[in-house]
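Sequences listed follow chains P and C, in order.
Position 47 of the first sequence, counting from 1, maps to 47 under this note's numbering, and the rest follow consecutively.
Position 293 of the second sequence, counting from 1, maps to 293 under this note's numbering, and the rest follow consecutively.
Quick caveat, the hints were computed from the structure, so don't treat them as lab data.
A few of these clues could be false.
[To be verified] Quick list of in silico lysine to any residue cross-link-like pairs, SDA-like style, CA-CA up to 25 Å:
| no. | chain 1 | residue 1 | chain 2 | residue 2 |
| --- | --- | --- | --- | --- |
| 1 | C | K188 | P | L20 |
| 2 | C | K188 | P | M48 |
| 3 | C | K188 | P | V60 |
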Amino acid sequence: MSGNRVSYGSAIRAGFEYLLARHPEVFVIGQGLWSPWYVGNSMTDLDMQFGTERIIDTPVSELACTGAAVGASLYGYRPVVVHPRMDFMLYGMDAIVNQAAKWSHMVGGQAHPAVTIRGIINRGGEQGAQHSQALHAWFAHIPGLRVVMPATPRDARDLLIAAVLCDDPVLYIDDRWLYELEEELPPVCETDLRREGPRSARSGCDVTLVGSGYTTHLCLQAAQELEARGVSAEVVDLRVLNPLDARLVVDSVARTGRLCVVDGGWRNCGMAGEVIARVTESLDPAALKASPVRLTLPDAPAPTSRALEAGYYAKTGDIVEAAVKLTVQAGMLVK
Amino acid sequence: MSDPLLPRLGALADPRAFTAALDITGEEREKLARQLRDMLLIRAVEERIGDMVTAGKIACPCHLAIGQEAVAVGVSAHLRKSDRIFGTHRSHSHYLALGGDVYALLAEVLGKADGCSRGMGGSMHLHDEENGFMGSVPIVAGTVPLAVGAAFAAKMDGRGDIGVAYFGDGAAEEGALHESLNLASNFKLPVLFVCENNLFSSHLHISLRQPENSIARFAAAHAVPYDIVDGNDVVAVARAAGRLISAARRGGGPGFLEAVTYRWRGHVGPREDVDVGVNRGGDLALWKKRDPVRRLAEALQAAGHLPLEGYDRIERDVRHLVGEAWQRAERAPFPPASALLDLVYAGAARR
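Start from the sequences and build out the full structure, keeping to the hints where you can.
This is the structure we're talking about:
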């Protein structure tokens with residue numbers, strides 16, 4: 001580590017530290033919060049620093065804990081409920097989808113559950129079908145529930161802070177595959193989540209690559225490889241999946257004419273399909289030099305066997321290949 | 001083998017028992033008169049809503065609590081406006097017992113902008129934070145964890161406020177209740193669990209759904225102090241609620257009140273469920289004799305606290321009030337079209 005380089009995992013912890021030190025109404029509840037290994041290095045010793053009254057390790061009760069966080073958030077608190085794996089969070093679906101997301105609307109805007117639900121994607125390593133899921137698309141479907149997926153250490157910290165300080169329920173999804181990613185961190189910038197949205201992570205003119213969370217990281221790596229082959233790729237990091245503001249993607253594709261969306265979820269009714277739909281319904285067909293493509297998980301549960309797992313997740317090379325194909329289709333010469 | 005120590009309802013579930021006038025010895029007369037009026041008001045509102053559903057003027061699903069009025073009125077006797085109360089699909093009585101405005105309730109079931117939820121919730125999503133009622137939802141046991149979270153917040157606030165979760169016997173068939181009881185017990189949270197055991201979940205009698213008929217057995221399993229009372233006896237409900245609530249306010253952790261009662265109407269709507277093939281045999285007629293309103297009125301009359309014309313006057317007053325509120329609600333405007341999208345997220349800037 002040099003200078004002020006901070007890892008994604010440590011940046012999450014920095015976000016928590018910032019919130020807990022400055023905002024007495026913030027508390028954290030969930031499984032494994034007093035354990036050194038449940039959530040990687042993203043919450044280490046917060047219980048020592050801020051006390052076990054504010055960092056509450058709980059019984060394995062995803063529904064009651066999520067619901068309790070929603071309930072407390074209606075009384076001036078800004079709780080974060082932590083689910084070390086998104087797969088287990090599904091027991092809390094009622095509290096998230098039926099209660100938190102709809103509360104403001106169904107009481108006529110008179111109360112807002114300012115709750116943050118942190119669902120961690122933790123996959124790979126032969127963990128299999130129930131220790132692997134990335135279900136952001138499900139949640140992005142729900143009006144009233146904001147969904148954010150940080151792809152960088154800076155966003156891991158600042159989107160967490162923005163999520164917690166937002167008056168709406170927010171699902172904050174971080175990814176264990178990003179925890180070692182490092183970058184220089186500027187001082188915290190408190191932002192209004194309502195004004196956050198997709199961001200251009202790299203500019204380019206031949207093809208638009210769209211990612212969210214870990215797949216943004218893959219897209220950036222692919223863009224580097226593509227550059228060596230003479231293809232200039234723009235990378236858009238979605239960051240905020242719901243409500244989705246796709247204008248940046250549309251504008252980018254209007255320039256490049258080629259679109260490849262990379263998503264860590266499944267294909268059917270997934271995020272990638274949504275992004276492609278937003279683009280194609282907004283652009284004149286003539287603006288597209290090739291049919292948009294998407295790289296997603298195969299429509300199958302995560303396998304355990306390494307032989308099957310090796311081909312399950314998209315890799316940088318897959319993105320490079322897809323982007324090259326898009327450009328070749330459109331008559332461009334590629335090295 | 002059945003555990004002899006398991007809580008059971010016994011005679012409390014027998015409609016032929018507990019039909020006499022209430023024992024009001026030592027009870028304050030003005031308080032009882034107020035409670036009688038509150039119960040009559042709830043009944044008048046519910047009957048009006050039922051009639052208007054029949055008349056086709058109300059379309060949203062309405063679950064009526066006629067016959068169950070004593071539970072909410074008894075519990076509310078010990079609640080304050082800073083408490084955090086959550087309800088169910090059948091919550092008109094919870095809302096009204098806390099002092100909720102009749103006009104705002106009727107406007108709400110009509111989907112009008114003056115409704116307690118601004119016309120966005122209907123009968124199943126009532127909100128009246130001013131009186132402590134945070135909200136009701138129809139997902140069975142859906143608000144129970146929320147009340148536990150409200151109790152977490154109350155404990156952190158340290159002002160002696162409590163959370164209250166109303167739910168029915170059907171909620172005991174949901175995992176949410178067990179998780180919530182465990183959390184509340186483990187963290188000693190100030191929350192009162194109020195089970196209105198009306199022996200039915202939708203169309204099914206409890207004997208077809210659970211091996212035992214007392215829901216308090218789940219409180220016992222989670223080491224939560226409990227009491228089981230005749231839910232059609234407002235005095236018994238209030239006494240038990242008072243004990244459990246003051247323990248919770250003092251930091252003693254959660255309490256569980258099981259109030260055994262019976263709904264006179266069907267699961268939803270104004271009919272008695274005969275139309276949907278539920279055969280309640282002679283039970284309904286028997287339970288109507290265990291009427292919580294009549295039993296209090298008779299006790300007050302026997303003690304010389306309530307002349308017959310006094311009862312008639314209260315009834316006339318509440319019916320007049322409900323009639324006027326209904327007419328106003330019918331004339332009230334609907335929410336603007338903009339409400340559909342404007343209320344999905346919090347609009348105003350934070351803090």
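Check: Does P:L20 lie within 25 Å of C:K188 when you go C-alpha to C-alpha?
Finding: Holds. C:K188 to P:L20 sits at ~23 Å (cutoff 25 Å).
Note to self: Just to be careful, I want the Cα atoms of C:K188 and P:V60 compared with a cutoff of 25 Å; is the pair within it?
What the structure shows: 17 Å, holds
Check: Does P:M48 lie within 25 Å of C:K188 when you go C-alpha to C-alpha?
Finding: 22 Å, holds
The earlier numbered hints are all upheld by this structure, with none contradicted.
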